[in-house]
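K.L.:
Sequence:
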Amino acid sequence: MMLLFLFVTFCFASTLAIDADFPPAEMIENMSWYRSVCMRETGSSDEQIALFNRPETIDAPRDLQCYMYCMFRMHNVTRPDGEVDPIDVYHAIPKRFNSIALKVLVNCRNAEQEGKDLCERAYLTHKCWKATEPQHYFLF
Numbered sequence: 001m002m003l004l005f006l007f008v009t010f011c012f013a014s015t016l017a018i019d020a021d022f023p024p025a026e027m028i029e030n031m032s033w034y035r036s037v038c039m040r041e042t043g044s045s046d047e048q049i050a051l052f053n054r055p056e057t058i059d060a061p062r063d064l065q066c067y068m069y070c071m072f073r074m075h076n077v078t079r080p081d082g083e084v085d086p087i088d089v090y091h092a093i094p095k096r097f098n099s100i101a102l103k104v105l106v107n108c109r110n111a112e113q114e115g116k117d118l119c120e121r122a123y124l125t126h127k128c129w130k131a132t133e134p135q136h137y138f139l140f
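In the numbering used here, the protein residues as written are 1 to 140.
These are calculated hints, taken from the structure and not from any lab test. Keep in mind that a hint or two might mislead.
[What the hints assert, rightly or not] Distance ranges between label pairs, derived from CB positions:
1) R96 - D63: 29 to 39 Å
2) D117 - A25: 17 to 27 Å
3) A25 - N110: 28 to 38 Å
4) E47 - P80: 26 to 36 Å
5) H91 - Q113: 15 to 25 Å
6) V37 - P61: 28 to 38 Å
7) K116 - E26: 30 to 40 Å
8) D88 - D117: 13 to 23 Å
9) L102 - R79: 16 to 26 Å
10) N98 - R62: 30 to 40 Å
11) S32 - Q113: 30 to 40 Å
12) I28 - D88: 30 to 40 Å
13) I87 - A131: 33 to 43 Å
The beta-carbon is built from N, C-alpha and C at its ideal position, and this holds for glycine as well.
Working from the sequences, and respecting the hints, build out all of it.
P.N.:
This is the structure we're talking about:
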């Protein structure tokens with residue numbers, strides 16, 4: 001179930017529309033341990049995550065940026081140097097979401113380059129994913 005998290009922290013209901021039950025309660029429950037670990041580690045809050053999940057674009061505070069990086073790290077999609085590995089992300093998500101994943105990963109392949117550290121680069125990646133496929137984005 002850990003791999004179900006990936007994409008995002010970026011999750012998809014389908015290639016069409018998200019139904020009213022997205023994300024499924026089971027998925028939220030499966031992610032609760034990772035979420036609590038990363039919230040404790042970074043000092044981020046439920047309110048920050050909920051605000052980022054709203055349709056509007058917001059600038060994430062530093063602790064939320066580091067939460068995003070923590071979730072990548074906890075799901076083993078980072079390289080030894082700490083950078084997110086898009087190939088690992090692609091292979092970690094369920095195959096039924098491959099077309100969406102490919103679109104987002106290609107579109108956002110350079111999004112993180114302007115970030116000054118791992119936390120900011122994780123945030124810029126999430127920001128691009130959300131802008132590219134807002135109907136399929138959810139930060140756990």
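K.L.:
Which hints from the list above does the structure break, by number from lowest to highest?
P.N.:
Violated hints (numbers, rising): 2, 6, 12, 13; every other hint is consistent with the structure.
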